[in-house]
Amino acid sequence: MSPSPSDGSHGIRISRVSKVYPGTARPAVDDVSLDIAPGEFMTLLGPSGSGKTTMLSMLAGFVGVSAGSIEIDGRDVSRLKPHRRNLGVVFQQYALFPHMSVAKNVAFPLQQRRMPKADIETKVAEALKLVHLEPYADRLPTQLSGGQQQRVALARAVVYQPRALLMDEPLGALDRRLRDQLQREIARMHRELGMTFIFVTHDQHEALTLSDRIAVFNEGRIEQVGTPADLYERPETLFVAQFLGESTCFRGTVDRQAGVLRCERFSVRVPEAPETGSGVVIVRPERLELCADETEVPESHNRVAATVTDVVYVGTHHQVGLRFADGTTGMAMRLVGPPLPAAPGDDVTVAWDPAHQAVVADPAGAAVSVPEVRSATPVLP
Amino acid sequence: MTTATIKAPPGVSPARGAGRARRRAAGWLILPAAALLLVFFVYPIATIVWQSFTDPAPGLGNYVALLHDGISVTVIVRTLVTALIVAGSTLIVAYPYAYAMTKVGPRARGVMTVLVLLPFWTSLMARNFAWYMLERRDGLIDRMLGLIGLDGVVLLGTVAGVTVAMVQVMLPFMVLPLYSAMKQIDPRLLDAATSLGAPRRRAFAKVYLPLSVPGMLSGFSLVFIMTLGFYITPALLGSPQQSLVPQVIGQKVSALLDFGGAGALGAVLLMITLLVLFVVSRFTRPFTALSGTVGNE
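Quick mapping for you: the protein sequence lines, in order, are chains A and B. Take the first sequence: its position 370, counted from the start at 1, is 370 in the UniProt record's numbering, and no numbers get skipped. Take the second sequence: its position 203, counted from the start at 1, is 203 in the UniProt record's numbering, and no numbers get skipped.
Please note that the accuracy of each hint is not assured.
[Stated by the list, open to error] For each label pair, taking beta carbons as the anchor points, the in silico distance ranges come out as:
{"id": "1", "chain 1": "A", "residue 1": "Asp76", "chain 2": "B", "residue 2": "Tyr99", "range": "30 to 40 Å"}
{"id": "2", "chain 1": "B", "residue 1": "Arg201", "chain 2": "A", "residue 2": "Arg191", "range": "32 to 42 Å"}
{"id": "3", "chain 1": "A", "residue 1": "Ala25", "chain 2": "B", "residue 2": "Ala21", "range": "49 to 59 Å"}
{"id": "4", "chain 1": "A", "residue 1": "His205", "chain 2": "B", "residue 2": "Ile92", "range": "45 to 55 Å"}
{"id": "5", "chain 1": "A", "residue 1": "Thr142", "chain 2": "B", "residue 2": "Ala25", "range": "27 to 37 Å"}
[What the hints assert, rightly or not] Heads up, simulated DSBU-like pairs for lysine-lysine below, C-alpha to C-alpha not over 30 Å straight-line:
{"id": "6", "chain 1": "B", "residue 1": "Lys252", "chain 2": "A", "residue 2": "Lys81"}
{"id": "7", "chain 1": "B", "residue 1": "Lys206", "chain 2": "A", "residue 2": "Lys117"}
{"id": "8", "chain 1": "A", "residue 1": "Lys81", "chain 2": "A", "residue 2": "Lys104"}
{"id": "9", "chain 1": "B", "residue 1": "Lys183", "chain 2": "A", "residue 2": "Lys104"}
{"id": "10", "chain 1": "A", "residue 1": "Lys104", "chain 2": "B", "residue 2": "Lys252"}
{"id": "11", "chain 1": "A", "residue 1": "Lys81", "chain 2": "A", "residue 2": "Lys123"}
{"id": "12", "chain 1": "B", "residue 1": "Lys206", "chain 2": "B", "residue 2": "Lys183"}
{"id": "13", "chain 1": "A", "residue 1": "Lys129", "chain 2": "B", "residue 2": "Lys206"}
{"id": "14", "chain 1": "A", "residue 1": "Lys81", "chain 2": "B", "residue 2": "Lys183"}
Note that these hints are calculated values from the structure, not bench results. As the structure is a prediction and not an experimental result, all values here were calculated from the model. Where is the CB? At the ideal position from N, CA and C, for every residue including glycine.
I would like the entire structure built from these sequences, with the hints used as guidance.
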């Protein structure tokens with residue numbers, strides 16, 4: 001799937017949309033713009049209260065926009081009633097009609113579209129086949145398990161070939177095993193239907209495994225939009241780095257001329273330092289090497305002394321807890337198999353290739369996004 | 001209490017046995033209430049029914065008389081029609097109110113609940129006299145309608161006047177079961193229906209309305225049955241020419257000393273009530289017809 005944004009005539013274009021609920025000071029969604037290409041699997045990821053669900057509700061039309069516009073296939077739908085938008089919506093709590101059988105639930109959107117009865121039967125059968133629930137057509141929703149109910153909801157939301165499928169934490173109410181199963185099912189449906197999927201979740205694993213692109217929401221704004229690999233390997237903000245996956249974060253002051261980030265007791269090479277001021281170097285745990293012997297490390301690599309605080313065995317790998325000289329804590333990951341070079345209490349050299357690190361502004365530091373502001377704190381040698 | 005005689009079968013885990021023992025003990029807790037009902041409810045009703053067959057002479061004489069006295073059948077039909085109208089009107093007034101209760105915030109819901117319950121905390125007599133003042137000639141209603149050119153609207157002594165007052169008295173019995181049924185309906189269902197292509201109004205008719213039927217049935221049957229036995233309101237606000245069954249029973253007992261006839265009429269009323277409950281319970285799960293009143297927060 002091409003992650004390139006659409007040209008505006010196709011797909012979904014969210015332009016500078018805001019939502020302010022009456023009686024609240026902070027907007028729930030704050031000036032958000034996002035282009036979603038046709039057929040793309042876009043995930044809105046963020047903690048609860050970050051505005052992702054409000055954004056989805058505005059797309060569906062359940063709540064109005066306070067400012068901005070939403071275009072679908074080149075047409076402004078911001079003022080359109082939900083039943084005129086032709087979108088499919090799947091809810092966390094399934095929202096199946098409890099007084100209708102599975103087949104009647106799936107037939108409901110087709111009846112609203114005044115489809116002939118014979119066609120409805122064919123379509124319903126096809127949709128139930130898609131989610132492997134043909135034998136359950138005559139059951140009531142309450143007679144199904146949670147996972148089955150959500151599959152019925154999926155069938156109901158795609159049976160009329162809507163322009164996009166919106167899902168609001170669809171796996172949130174399910175237990176772990178069912179969640180993995182349904183996750184694969186959703187991925188398969190996306191492949192088979194070629195439909196635009198917009199998926200809201202707070203679960204980073206769901207986001208990473210399912211999405212073509214992810215938009216990370218925080219406090220009503222989008223922090224970063226990108227492919228899962230983009231976000232994981234090249235986070236642009238500290239929030240994205242910390243929300244997606246584990247990381248070790250070195251805080252310090254960027255010295256652009258020297259090409260280093262100066263921390264309290266050591267400095268880290270930053271060949272592509274974007275700005276000057278407070279900065280954070282982020283390294284993912286699988287990029288950190290643990291060396292007893294410093295001479296093995298290539299010259300170009302960063303190296304910092306650390307003490308191993310603990311080692312946790314998690315099946316496929318060991319998580320090695322680290323404490324650096326300036327008090328920063330971090331984590332390295334070693335596959336199970338090769339012997340661990342260190343035990344808790346040992347001093348080790350931690351090394352990594354600067355190509356695998358990300359440098360972001362420190363939101364707790366000075367206003368780094370403004371280049372004129374020079375660091376006021378004296379740089380330690 | 002049959003539960004009191006059940007013994008835990010061998011092999012039952014101690015925990016389950018203990019639970020059963022506790023339930024058995026709980027069975028004794030309803031004894032006082034059961035005894036009270038037996039003495040002051042079952043016994044009098046049995047006596048009344050017995051008298052309807054034996055007083056003044058054994059046989060079905062009292063019931064045959066009801067069919068032929070030229071007034072009882074009319075009164076029974078009028079009572080049934082009045083109860084239907086009252087239950088129907090109460091439903092129409094209470095439905096939007098109960099729906100609004102599920103939509104508003106917790107504070108407004110508290111206020112709305114108090115407003116519904118307010119009549120419960122006011123003496124029924126006081127409320128009936130209040131209606132009397134409102135409905136009489138030159139009362140508030142008459143004068144207000146006079147202002148817009150409708151002269152001489154006196155509700156006092158008419159079926160309409162009785163109905164209006166009864167609807168007001170019955171409102172809580174409709175609002176509470178409706179509300180407790182409605183608050184169990186997931187509001188997202190309406191969003192789901194509109195996203196699937198149903199305009200808001202059709203979504204309501206196809207999804208919300210059917211799901212609120214149990215609440216409507218329990219409220220409707222409750223109000224219908226209570227209206228059948230309503231005495232004070234029709235006696236005070238209605239006219240003797242338009243009497244309902246309870247008034248006729250009262251008259252037979254206090255003025256005519258016709259205990260057998262009164263018993264027969266009472267038994268007929270009781271049969272109708274049981275019939276309504278039976279029919280309604282065919283459409284809902286057992287006991288939900290009346291349990292709605294208990295189910296409020």
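TODO: Report the numbers of all earlier hints that the structure fails to satisfy, in ascending order.
DONE: The structure conflicts with hints 6 and 10, although it agrees with all the remaining ones.
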